[in-house]
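*Asks:* Residue numbers for the sequence shown, in mature numbering (1 follows the signal peptide of the UniProt record, and there is no 0): -22 to -1, 1 to 928.
In short, the hints are calculated from the structure, not lab data.
All C-beta atoms in this analysis are idealised placements derived from N, C-alpha and C, irrespective of residue type, glycine included.
The reader is advised that the hints may include incorrect statements.
When the alpha-carbon atoms are kept at most 25 Å apart in a straight line, the in silico PhoX-like pairs for lysine-lysine are as follows [said to hold, decoys possible]:
#1 LYS885 - LYS842
#2 LYS433 - LYS488
#3 LYS179 - LYS119
#4 LYS675 - LYS738
#5 LYS204 - LYS215
#6 LYS215 - LYS68
#7 LYS563 - LYS615
#8 LYS328 - LYS376
#9 LYS97 - LYS215
#10 LYS179 - LYS227
#11 LYS204 - LYS229
#12 LYS826 - LYS885
#13 LYS68 - LYS403
#14 LYS376 - LYS430
#15 LYS714 - LYS670
#16 LYS215 - LYS229
#17 LYS341 - LYS376
#18 LYS365 - LYS403
#19 LYS615 - LYS593
#20 LYS837 - LYS769
#21 LYS352 - LYS300
#22 LYS675 - LYS702
Cβ pair distances, simulated, as ranges [as the list claims (entries may be wrong)]:
#23 SER443 - MET93: 35 to 41 Å
#24 THR34 - MET93: 17 to 23 Å
#25 TYR467 - TRP586: 23 to 29 Å
#26 ASP607 - THR684: 57 to 63 Å
#27 THR336 - GLU487: 31 to 37 Å
#28 GLN785 - PHE713: 57 to 63 Å
#29 PHE286 - GLY142: 34 to 40 Å
#30 SER122 - GLU99: 40 to 46 Å
#31 ASN32 - GLU187: 55 to 61 Å
#32 ILE491 - ALA283: 33 to 39 Å
#33 LEU73 - GLN226: 46 to 52 Å
#34 GLN226 - LYS119: 56 to 62 Å
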Amino acid sequence: MSTKRVLFGLVCLYMTISICQSSYFLARTDWGYFFDYYFCVTNSSSALSWIEENITYTLHYVSEYIPEQPNGEINYDIRDDEDTRKDFIKHPWRLQTSMQSNFNHPILDERWEAMNVIKTEYVELSSDKLLYQHFQNIVLKKESFDIPLSIRIEKEGHIFLCDGEYPPNSRCYWFMLQAFSGMGSAIRKCEKGYIPSEDGKLPQAPCNEQRVYKNHNIVPTYLSNKMWSHFVMSKHKNVLRFSQFSHQKEKLIMEWEDYDIPIDVTHIIVHSKRNNGLWKIHNLDFLYADAASSDVNLGPPISSADTFVCISMYVTMCPSCKLVLSLEDGQHVLKTEEFELKHAGWDQIKIMTENANTSNAIKLLVTTKSSDPKPYWAIDKVRFCQKKEFRMLRLLSKWVSCQLISDSEQVTDIEGQAQPNLKSKCSEDTIGEFCVPCHWMSYFHKIFKVCKERKCVCSAGYSGSDCLQVCSIETYGHGCQKQCANCNYVCDNVNGTCPFGCFGNYYGEKCDIPPAMFANSPEITEISYTEATVRVSNFQLKNSVFYHIAQYYTVQYKVTADALDINWRKVSDQYHEFNTTGIFKILNLTSGTQYLVRSVIIGPNGVWNMYDHLKVNNFTTRCNEIAEDDINIETSKTTARIYLSEGTTLTCKSHFITLDEKGADFSNRSGTFFTNLLPYKSYMVRVRGIQKTYEKKFTTDEEAPTVVLSLTGTAASATTIVLKWAEPLSINGVFKHYVVEYQHVFYRGCNFSSVESSTKFRRETENTSVTITELIPYSTYEFTVFALNTKFTGPPVSQRTTTPYCQTIQPEETPNIVGINTTHESASIILSEIKCENIRGPLTVEIKTTCISEWCQNKNTQRKIDNKTLPKTGIIEVMNLQSFSEYDLQVQLCRVNGSCSAPQKKKFETKTTVSKSVSNLLVYTKKCIVHFVKVETALSTYWCFKELQN
């Protein structure tokens, strides 16, 4: 019956471990002469790569499988072996490259390691020609294509997709990766002859135009010289895309559509500017089929020296395609398995059997099935495999790190601090989290420092930052965590074996096989205040080889707290015959005390076989339990005393008191004190005895409430303030009410002068808000709020709040015109006093004078005075009036909101003045003669005659 295995998600049946629980590590061992051996090991199918400190030379290595294959290193390489190619190229299977196929997925498994790598170098002299590196083995012949590639460069990587081999002589699409000193990436389109051939030269227009540009202040950078990064560059008709490939997903970096005459791309050329770079194009040959077939025998006959046969290969196929593999030996079908992929890309699959006949050759039969109108299947790297195998890179170097290629972010070096006291599930002769035997990597070294992502451990037997410190004489193994057994002197620091033998009749390589001793401890059948009964009925020994020396046995006991072995006491002087059930009564014990009991074998000549690891049992004698009524609790505001009633006698020493996280015992007869408690808070105290636990509740005493929070005052009207506050953090008792006190402190109209002897008002409320009415407008009040419980008053908190002004002017704010004193050019307006305590808002006194004499030149004079700047005398001066003129006076008070009082009106006349000398005389006739005289004092006098004078 065939077995179906679906390769996706977390179903990991015979599929590449790089998708399910893949891992790797880097190990180093000292070689000497300033060099070390490095080993990079993985249990996955992912490619590995050495990462040197600088890109000065190329470390191009291909990993090897460990351990060595028992059937030999058989790897059917369909690319290089002509004979092997004949065995695999059978209808409908044929040889095809990645660039020729209708799919081209990124290849990050072990085959990536063998791909050709190109190095681009920075030319320092501007007169030198630019070094363009051409991927000579790749020729593009399709209008649309996807090109997966891997790049290792810090910045200024340049890719040219051209219709010729040399960019300056070709039409090209120019991909600029982290160019412009790393600040941006762009795509250009250049005609023939526009791309420079020498360093320092700039491209000619329009080749210098960025058809698309990505600013790396916004778009994250994606290149690194510390690791390989993977990308997919594509051209689908006129659309060019450049995407980063990570964690099996593509992330778009740049995209541009060419609306002009497109370039027929045939060649890929790379170049680096001011940096060295490494480049790989993912292009492989593989077996390809696009038609269904049945039982095609791929490869030559398989011969195996073992009944276990495992065949591994890499496959990819269409989403609805299936691939069936069968192993047959000419007589029987040994194994058949069906595979299908639920994701795009390559996977490693394995088929294995343990029923192979070593005398018969085995065939690998391949069947393809699909309902897709355009199916395809691809197979690559068919080889022998093992149940447990790893891949490894090996290098002799001064310093190097290792990258797991399938995960671009996983790069490990050996510089991390080795972690001490690390436990391991692996045996002492292995290293790494998946327990790779040390001899698979090196027969000559036992000391390894093993790291993964800067977290390091030492191989078994060693510790320290560089794993050169040997475990102490009493420990061995990984992290020096295991204790040596019963060795004479010391044990081996790596595996714990005892080079100088065992003591105390123990034996074995690690002296961990015990001598004659019971496998089980005695049974406790009855316990009282001062006695215990012990029964021995199970006579199984830890080591059956010692049954011949077990003639008698006895029982010993001691107080558990007694650490000395010499204090073990015999229950009886009589010995019991081995294999005979014995009942032992232990007398004269102390009540409420814990004891240990054990059985001891007595051999020939009365020799007692007493060793460190004899099985023991424990029991505790009964004691006088505490009664619930004996427990008393005395409280204060922040403390509690738990004490026992007078005359209470305790023999149990294990009575224990817990209060939340805190604990104490009853050793102090005055009681147990718990401090730093919260006032008026309920607590649960637990008193635990031997058999019973009592729970008693208590409440600490009241304390003053804490301060009320977030006190605010908001004006609801000119005479109303709404106070709000938040409850105190703790009332610390039974809440009674809040007290609100308030007092008038300032008249705003009196320039914040304090109010003398104002009355303090008091309100009580259970709410956290109160409305205060009948307040004086345009005044400041101080409000104080505090909380009360039934016993204490909390601290006050105060807030000053000002009432708004009245919108209209009140009669008591309005002054009267008391008198007017004039001169020839001014008038002093005398107003009655405005008492500041009567001001209910900001005032402006507006003085307006209107000249009503016919000769007036300036008809109107206006002055505005804020009530705060109003002279204390109440006299307002109006200047620049005309002499010998009659005026109308209007006095009015106004608010900032525009409302004003009714105006007060009066008339007055300015006085005359005497001219000193006439400097100018103008005469006008219109009904009468008007004379305008300008005198030295700059004052003017006007007069009019009704008839003409001589």
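*Asks:* Now tell me, hint by hint, if it's right for this structure.
*Replies:* Comparing the hints with the structure gives:
With a CA separation close to 19 Å, the supplied pair LYS885 and LYS842 stays within the 25 Å bound. Under the criterion of a C-alpha separation no larger than 25 Å, the hint pairing LYS433 with LYS488 is inconsistent with the structure, at around 31 Å. The suggested pairing of LYS179 with LYS119 is violated, with an alpha-carbon distance near 31 Å, which exceeds 25 Å. For the proposed pair LYS675 and LYS738, the alpha carbon gap of about 45 Å is over 25 Å, so the pair is violated.
With a C-alpha separation of about 35 Å, the suggested pair LYS204 and LYS215 falls outside the 25 Å cut-off, and the hint is violated. Using a Cα cut-off of 25 Å, the hinted pair LYS215 and LYS68 is violated, with the two alpha carbons roughly 34 Å apart. Between LYS563 and LYS615, the direct Cα distance comes to roughly 53 Å. Violation of the 25 Å bound is thereby established for this hinted pair. Note on LYS328 and LYS376: the hinted pairing is violated, with a Cα-Cα distance of about 38 Å set against a maximum of 25 Å.
Annotation: proposed proximity of LYS97 to LYS215 is violated, straight-line Cα distance about 30 Å (limit 25 Å). As the CA atoms of LYS179 and LYS227 are separated by approximately 38 Å, the hinted pair breaks the 25 Å bound. Between the alpha carbons of LYS204 and LYS229 the distance comes to roughly 21 Å, so the proposed pair stays at or under 25 Å and holds. Distance check on the hinted pair: LYS826 and LYS885 sit about 12 Å apart at the alpha-carbon level, within 25 Å; holds.
Distance hint between LYS68 and LYS403 is unfulfilled; the C-alpha atoms sit about 48 Å from each other, more than 25 Å. The suggested pairing of LYS376 with LYS430 holds, with an alpha-carbon distance near 19 Å, which does not exceed 25 Å. As the CA atoms of LYS714 and LYS670 are separated by approximately 41 Å, the hinted pair breaks the 25 Å bound. Between LYS215 and LYS229 the alpha-carbon distance is near 20 Å, which keeps this suggested pair within the 25 Å criterion.
The hinted pair formed by LYS341 and LYS376 fails the criterion: a straight-line CA distance of about 47 Å is larger than 25 Å. For the hint pairing LYS365 with LYS403, the CA-to-CA distance comes to about 20 Å; that is within 25 Å, so the pair holds. A threshold of 25 Å between alpha carbons decides the hint, and for LYS615 with LYS593 the separation of about 53 Å lies outside it, so the pair is violated. For a cut-off of 25 Å, the pair hint linking LYS837 to LYS769 is broken: about 76 Å separates their Cα positions.
A distance of roughly 13 Å separates the Cα atoms of LYS352 and LYS300; the hinted pair therefore holds under the 25 Å criterion. Restraint check for LYS675 and LYS702: not satisfied, since their Cα atoms lie roughly 36 Å apart, outside the 25 Å limit. Evaluation of the 35 to 41 Å hint for SER443 and MET93 yields a pass: the beta carbon distance comes to about 37 Å. For the pair THR34 and MET93, the beta carbons lie near 21 Å from each other, so the given range of 17 to 23 Å is met.
Distance hint for TYR467 and TRP586: a CB-CB separation of about 25 Å, consistent with the stated range 23 to 29 Å. Taking the beta carbon of each, ASP607 and THR684 are about 37 Å apart, not inside 57 to 63 Å as hinted. Between THR336 and GLU487 the beta carbons are some 35 Å apart, a value that agrees with the proposed interval 31 to 37 Å. For GLN785 and PHE713, the Cβ-Cβ distance of about 41 Å falls outside the hinted range of 57 to 63 Å, so the restraint is violated.
For the pair PHE286 and GLY142, the supplied restraint of 34 to 40 Å is violated, since their beta-carbon distance comes to about 55 Å. Separated by about 32 Å at the C-beta atoms, SER122 and GLU99 break the suggested range of 40 to 46 Å. About 35 Å separates the C-beta atoms of ASN32 and GLU187, a value inconsistent with the hinted range of 55 to 61 Å. Taken as a hint, the range 33 to 39 Å holds for the pair ILE491 and ALA283, whose Cβ atoms sit roughly 37 Å apart.
Checked against the given bound of 46 to 52 Å, the beta carbons of LEU73 and GLN226, roughly 27 Å apart, lie outside it. Restraint check, GLN226 to LYS119: a C-beta distance of roughly 29 Å breaks the suggested window 56 to 62 Å.
Against the hints set out earlier in the document, violations occur for numbers 2, 3, 4, 5, 6, 7, 8, 9, 10, 13, 15, 17, 19, 20, 22, 26, 28, 29, 30, 31, 33 and 34.
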